[in-house]
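Chains as they are written, first to last, in our numbering: chain A, 1 to 470; chain B, 1001 to 1119.
Hints may be right or wrong, so weigh each one.
To be verified - Pairs of lysine-lysine residues, derived as DSBU-like cross-links and limited to a Cα-Cα distance of at most 30 Å, are as follows:
| no. | chain 1 | residue 1 | chain 2 | residue 2 |
| --- | --- | --- | --- | --- |
| 1 | A | K342 | B | K1106 |
| 2 | A | K263 | B | K1109 |
| 3 | B | K1106 | A | K453 |
| 4 | A | K453 | B | K1109 |
| 5 | A | K342 | A | K444 |
| 6 | A | K417 | B | K1106 |
| 7 | B | K1106 | A | K461 |
| 8 | A | K263 | A | K26 |
| 9 | A | K342 | B | K1109 |
Stated by the list, open to error - Distance ranges between label pairs, derived from CB positions:
| no. | chain 1 | residue 1 | chain 2 | residue 2 | range |
| --- | --- | --- | --- | --- | --- |
| 10 | A | Q11 | B | F1030 | 18 to 26 Å |
| 11 | A | H408 | B | N1038 | 28 to 36 Å |
| 12 | B | I1026 | A | K336 | 53 to 61 Å |
| 13 | B | D1073 | A | I160 | 44 to 52 Å |
| 14 | B | L1027 | A | A74 | 31 to 39 Å |
| 15 | A | F43 | B | I1026 | 47 to 55 Å |
Calculated directly from the structure, the hints in this document are not laboratory data.
As the structure is a computational prediction, the values presented were derived from the model and not from experiment.
For every residue, glycine included, the Cβ atom is placed at its ideal position computed from N, Cα and C.
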Amino acid sequence: MNPEYRDLLIQCSYLAASVLFIFSLKWMNSPLTARRGVFSGVFAMLIGVGGTLLNPSVAVSQLPWIALAIMVGALIGVPLSLVPLTAVPQRTALSHAFGGLAAGLVGTAKYYLWIHEGGEMLTGFRTFAISAEVILGFLTFTGSLMATGKLQEILPGRPITYRGQLIVNFLTLGGAIACAVALVINPQWTFLFPILVILSLAFGVMLIVPIGGADMPTVIALLNSYAGLSAVAMGFVLDNKLLIIAGALDGSSGLILSIIMCKAMNRSFSNVLFGAFGTVSASAGSDAGGAVKSASPSEAAEIMEQADTVVIVPGYGMAVAQAQHRVRELYDQLTKRGINVKFAIHPVAGRMPGHMNVLLAEADIPYDDLIEMEEINPEMPQVDVVLVLGANDVVNPAAKNNPGSPIHGMPIIEADKARTVLAVKRSMKPGFAGIDNDLYTLDKTLMVFGDAKAVVGDMAKTLAGDSGMH
Amino acid sequence: MHLLLTAAPASTSAISSYIPLIFVFILATFIGLDVIRNVSRLLHTPLMSLTNAISAIVIVGAILVAGLDSSADNHPLWINILGLVAICAASVNIVSGFLITDRMLKMFKTRDKKKNHES
Chain A
1 MNPEYRDLLI QCSYLAASVL FIFSLKWMNS PLTARRGVFS GVFAMLIGVG
51 GTLLNPSVAV SQLPWIALAI MVGALIGVPL SLVPLTAVPQ RTALSHAFGG
101 LAAGLVGTAK YYLWIHEGGE MLTGFRTFAI SAEVILGFLT FTGSLMATGK
151 LQEILPGRPI TYRGQLIVNF LTLGGAIACA VALVINPQWT FLFPILVILS
201 LAFGVMLIVP IGGADMPTVI ALLNSYAGLS AVAMGFVLDN KLLIIAGALD
251 GSSGLILSII MCKAMNRSFS NVLFGAFGTV SASAGSDAGG AVKSASPSEA
301 AEIMEQADTV VIVPGYGMAV AQAQHRVREL YDQLTKRGIN VKFAIHPVAG
351 RMPGHMNVLL AEADIPYDDL IEMEEINPEM PQVDVVLVLG ANDVVNPAAK
401 NNPGSPIHGM PIIEADKART VLAVKRSMKP GFAGIDNDLY TLDKTLMVFG
451 DAKAVVGDMA KTLAGDSGMH
Chain B
1001 MHLLLTAAPA STSAISSYIP LIFVFILATF IGLDVIRNVS RLLHTPLMSL
1051 TNAISAIVIV GAILVAGLDS SADNHPLWIN ILGLVAICAA SVNIVSGFLI
1101 TDRMLKMFKT RDKKKNHES
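One chain only, chain B, in its complex shape (with noise of 0.2 Å):
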């Protein structure tokens, strides 16, 4: 199993180290599929804002490349710099992201429990 940035082999004709990886892809989508297809159609609108925040996960490659120690000998500091703008823009998701989703969920009340709380 590779770890991040420790270089998969560098040769071109090493796709057959990728193959993991696509076996992780196809499964997670039979994953995704059959998971969304029994969402309740009543939170498509939460389930979709939910996604959102889900998906800045891109934030770990943000972080992997703003990280990266730029008082190293002639490291480009605009790389790092990108890396930051990412971090933020993956922040701005994961926050509003889950907290609508959240606040949307709080919404969703049955009769009864409408009664209880007005009673």
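So that you can see chain A by itself, here it is in the shape it has in the complex (with noise of 0.2 Å):
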């Protein structure tokens, strides 16, 4: 083929591509588009490496040992697809760190490769960009590697903190940084360049270590971010308009999803990153310990049995104990006799952006009945009973009137306006943020101690065998 026809025939597989890309993401703004988004995807990757196949610096020769490795990577990659959708928060940070470790590699074997072919490739601006793509790609790596192992509860789940921690992370990716710099400045000095690989690892665990399961949609948020930073970094590197776009979309998906993720919390990036939530102590919550009632499940029952609205607000509970086909047979019995029964989706309740919403679509429930927090509360003081499903904290009514409470600030769903209240909750132990909850001690609240996933099933069986009787 003509030379000349053959790079434009690349770069206009790139565009076409990159095109392919912003609708796939233009699409998911509609659950009705949203799976034309993702053949869109799948579409515009295919012709992305179609078109890289063309280049005539890729030898024939290692075609075969690059359809190996593709290979290899869809054999590992059909099981990943398969998971339970409980575990999606830690497929989900397990792919980052996939997406991290390609994007690290990469961004090495080129700066080895340009120093061997003698640096006068490597010009200042280059090594910028590498130094840039290794240090992101590799704490994406080793951080998001650190994530799944909590959500995996492989690692412990609670924040690891100790004296001095700041520091020692600040001079960690500091020293990172004055590698890249001092390798622009001076290229000859390559020594550094393991060192800054070494450190970008080091940092992408340190950063995880003091950070806490609630923080988790956050984190995986922000990692998702600094993935895509790294394609665009590479595209920099490689000169490739391709990579820096889609770079672009990911690092900008991954932004705004962290930012509603800390609106949610009323935290900032700061404060998730380097707070350490979660090890606040206790007896920063409110003392008021109240009285608190309980109530069986089928008593539970009865009382949703009579009312008009039920609100349930699903946690992270929920998801823990499997619980979601449960709820599914307790909407069907409500919805049955009329009852209306919507959901109150929290945007940072379970351990992922979305997580909830995920859960209750593969139980079958239709997605119009899922209703966000800020259109769920004006309604709130009309409905007759909310139940609390594993949730606390997105309901805890301190984050609205204790100033001295460490959520204070936070948006929640307010079930302390609605005329009942039943919680479902393991035991009286505080949750998370290891903070009291006003709420349980509320003269309407009526606890349901027990697993979400048993005592849901009570409750509908208990509706089921009434239904049976009459």
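Assemble the dimeric complex from its two separately framed chains, guided by the hints.
In structure tokens:
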């Protein structure tokens, strides 16, 4: 093929892939078009890879190896796509690790390739871009592995802190950046490159160590953003606009999601990353140790049966107990009686953005009944029964009423405004943040103790038995 | 327009040749921010697995590194191996990312659709 036409073809394939990637994300704005977005993404990826294979620098002798590597990746990828939906947060974190690893390895390979070729290609700008790619790639790699470990509970989920942690972390990152700057200034100091790699790998670990489970939604979103930015940096290294565009889309997606998560917790980035939430002493909570009233699942079911509107507030507890299918049974029993059932979804409920929506969708609950916090709150005073299911901090009235509370200022689902509150919980142990929840001691609150799955199952059974008798 | 690996000017003063790339980056970021802001909150989990698959476009860079002719004189083979490992990691994300996104999206149904489905 004429080299000129071939180059044009490669650039056109990258252009087409870029446009398709943008459409892919655009179609995610509604569940009705979202699947089209996936197809467009797959198509874009195929075009992008196809265009790259046309590049004359890709030797034909290497193609079998490339094909083999893709096949190995696909063989690992298929089982990873079949995990239960409750494990989606750790799967996502793990795939960020793969993305970071790929970017870091390509950056490292490019660096040594150009050194090998005499170093003329290593302009100051390219060295800067490679350093950014490698730092972001490798810190995403180890950071995401740590996040996966915490979410999978291989590692302790509680934040781990020690004295001087912040200083050590800053020195590590600062050291990596200093290596990068030194390499730009004096390209002869190639020995700094391995140090940069090691410091980046170490920083990824240290960044996640002090972060607790409930902050994972923000952190996963942030790592998503880093993975995207490392792809952008790779685009600058390779002079490739497709990489820059796709990476920028990914980076901005992660950024927006982390901003949404931070806002939903009324916290800043730096507070999430360096605040080690969850080590806050429990005494910082309110000391209102009022009396707690409890009810059995069947009593709770009877209360719901009398209601006109029931709002269910799901939280991480529902995911842990895998209770979503029982929730669906309860939903069916209640709607069958003409009771209006809605789900109130807090943005940070669960362990990643949108976690609750996916679990409830899996259980076949129509998405028109999943209502966002801002929309459901004005209706709360008219709601007869709120069923809090494995959620805790996101319904804690202390966030509004108690200026001394560590979560003060965080927007909450105003469950306390409803006429009756039913709270399903394993015990009176405080939630993740170690803060007492005044909601449980209100006069209108009844606690239903037990595992979310068993309790909701019993509720549904009570209602089913009831309707059988009539 | 420079092609991949076809060498931008090697002199360090050639930062200006990267300006077009910076334009692309800035504009793509604005498009990204705008498009993502309109994504339904319902779909934030699938969005994340989709962008995950999309960012696996780094496979392009990995292929260019792994595809270098390793039989050439004193070409360091380990560079190709790094590229192959990167291809493998990126393919994991492409395959699992797109598959799980589609799997999740199939679950989102409206009340009407659900009723049709049942009856």
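Each hint, compared with the structure:
| no. | hint | in the structure |
| --- | --- | --- |
| 1 | A:K342 - B:K1106 | 21 Å, holds |
| 2 | A:K263 - B:K1109 | 28 Å, holds |
| 3 | B:K1106 - A:K453 | 24 Å, holds |
| 4 | A:K453 - B:K1109 | 23 Å, holds |
| 5 | A:K342 - A:K444 | 20 Å, holds |
| 6 | A:K417 - B:K1106 | 35 Å, violated |
| 7 | B:K1106 - A:K461 | 29 Å, holds |
| 8 | A:K263 - A:K26 | 23 Å, holds |
| 9 | A:K342 - B:K1109 | 15 Å, holds |
| 10 | A:Q11 - B:F1030: 18 to 26 Å | 22 Å, holds |
| 11 | A:H408 - B:N1038: 28 to 36 Å | 31 Å, holds |
| 12 | B:I1026 - A:K336: 53 to 61 Å | 54 Å, holds |
| 13 | B:D1073 - A:I160: 44 to 52 Å | 51 Å, holds |
| 14 | B:L1027 - A:A74: 31 to 39 Å | 33 Å, holds |
| 15 | A:F43 - B:I1026: 47 to 55 Å | 26 Å, violated |
Violated hints, listed in ascending order, are 6, 15; each of the other numbered hints is respected by the structure.
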